[in-house]
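Protein chains: 2
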Amino acid sequence: MKKHIYIYSPSGAVRDKAAFKRGIKRLQQLGHDVEVDADALTSHMRFAGDDATRLQSIHRACASGADVALISRGGYGLTRLLADIKYKDVAKAVDRGTQFVGLSDFTAFQLAVLRKTDRITWAGPALCEGFGVGGPGNVEAPDDIMEDCFNDMLLGQGEGSGWRMNAVPNALLEKPDVLLSKNGQIWGGNLSIVVSLLGTPYFPMVKGGILFLEDVAEHPYRIERMLTQLLHAGVLAQQKAVVLGQFTDYTLTSHDRGFKLQSVIAWLQATLKVPVLTNLPFGHVPTKVLLPVGAKAELAVNGRDAMLVWGHVG
Amino acid sequence: MKKHIYIYSPSGAVRDKAAFKRGIKRLQQLGHDVEVDADALTSHMRFAGDDATRLQSIHRACASGADVALISRGGYGLTRLLADIKYKDVAKAVDRGTQFVGLSDFTAFQLAVLRKTDRITWAGPALCEGFGVGGPGNVEAPDDIMEDCFNDMLLGQGEGSGWRMNAVPNALLEKPDVLLSKNGQIWGGNLSIVVSLLGTPYFPMVKGGILFLEDVAEHPYRIERMLTQLLHAGVLAQQKAVVLGQFTDYTLTSHDRGFKLQSVIAWLQATLKVPVLTNLPFGHVPTKVLLPVGAKAELAVNGRDAMLVWGHVG
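Each protein sequence line maps, in turn, to chains R and G. Its first residue numbered 1, the first sequence is counted upward by one per residue in my numbering. Its first residue numbered 315, the second sequence is counted upward by one per residue in my numbering.
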């Protein structure tokens, strides 16, 4: 099935233009019609154009009528734009069938859209890191699981994801087979960005939800400090489950003396009554699933196996 | 004048024990009676003891009857303790005359105390970096200005600070001689920590205040993201002035292409109607003033000169 995919850059400037081109080539190989925003490769300091330029590119993505609006990459820049995004235009685009896909800095857009319009967007790949795999002159196949999930999203099929956790969550040791959520809202994304919206009018007020979190290049003490903020703000206790994805590319130091990501997870599981699930295949890693942010879902756990099903839950 | 100074470690473990010893020696040279908490040099992973240990050390500092309770160092660890601190004990200690002094991670304690008890604590040095200056075998004199300000605090004298800004604040170009605050509350500290309390019950609800901010090892894009959060939360617009201290020890990259700290300051000054003052001598630098967090103050600007006076403002 040929789909219309619109590529735009709402955050950081694209520096790896080879990856950008490979990504487009790959989507074309898959049979899609790829449209590239006029400012997708614009650069203004570290941004893909100044604020007005990036805002316009978002609004052009909304007006494109595309099946998918896919960010070129993350980086930094979306929080600067949140007050000026035309959320009604985003809602109209979603209602017409445009699926907004991205991750990392894009979490700011997704959560603001959820708060302002209650519309669903997709946590998933960016063009460059997701589809631009390969080296000089050769396009490699992207990660199978990611590409299958992307295809499922395009077809409206396969509405769910299962994965194996690192361990049975502490809170579930005595009831290893349990339905944690019947129709909780899936939400979350990049932990730094989720936390950077706390206290602002762009933070979604989700209760009874399924909060998923990932991050990159954040030391475990920073991850813990951010989780502490969500804890103290009462956000974590209001969820049916907290689902930790992949936390990657940080460096421990000799000062840590045994303090590590596992210490943070153990602390969170000991502190929070809500089950904390681990190892969701989502984050700054090749193998990741796509997740509909704002959709209602069932979440079931059986031993170390977790299963998240959205589809026709309501 | 001999004062009783209590040294304790509510945050990170002390690794530089030579600096710790030099700091104590310096305070003794100045004629003070230095009392060291039993767990000041305890270590548990990256922390100065586990949570219970560090909590007890805070409560022992409260019970010490000391004139000054001075942290050994910052690091990370105070946000973990905020729910369990006995704020009434802190308030009693302050009312009995104990002045709590510190910075960095200690900002979490100071702002929580302000929120819960409206008591004044001091943004100032930590023992190791402030007084532990020198090398193997020799104690050097700490920075003159810092030590003078510390002394002023001990004596209850010199209740104010003047400094020269980098430039006349944008918002004041047409009225260069102005009293910005008659009795606004001084508050703030480490930007990362201030922001990490947003949305929680430990964030002070200060209106018409004088908000000072500093940070270390945070890239300007992160500084901007944090300022954006305070902006979107409505915190900045509610102040009489935002006073930027020293932002140090970050590394720009080739991706920044001209984006730098000055870009962030220019953006903030263009975005915010409230005057943004620069170059306050406070932060992770030797030359710093002491500031009474929670005290009411006058803030006047004349051209590039700023003058903050607390003392008998009320």
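Source of the hints: derived by calculation from the structure; they are not laboratory data. Hints may contain errors.
Stated by the list, open to error - Beyond 12 Å from chain R on every Cβ pair, some chain G residues (computed):
| hint | residue |
| --- | --- |
| 1 | 411 |
| 2 | 476 |
| 3 | 570 |
Said to hold, decoys possible - Stretch by stretch, here's where chain G covers chain R in the computed footprint (C-beta under 8 Å, at least three residues):
| hint | stretch |
| --- | --- |
| 4 | 245-258 |
| 5 | 288-301 |
C-beta: ideal position from N, C-alpha, C; glycine also.
Structure-based check of all given hints:
Listed as a non-interface residue, residue 411 (chain G) keeps its Cβ farther than 12 Å from every Cβ of chain R; the least gap is roughly 30 Å. Listed as outside the interface, residue 476 (chain G) is consistent with that label: its C-beta sits roughly 33 Å from the nearest C-beta of chain R, beyond the 12 Å cut-off. Interface exclusion of residue 570 (chain G) from chain R breaks down, the closest Cβ pair being 5 Å apart, not more than 12 Å. Here's how the stretch 245-258 of chain R fares: 4 of its residues keep a CB closer than 8 Å to some CB of chain G, so the rule of at least three is met and the hint holds.
Chain G is given as covering the stretch 288-301 of chain R, and this is violated because 0 residues of the stretch bring a CB closer than 8 Å to a CB of that chain, at least three being needed.
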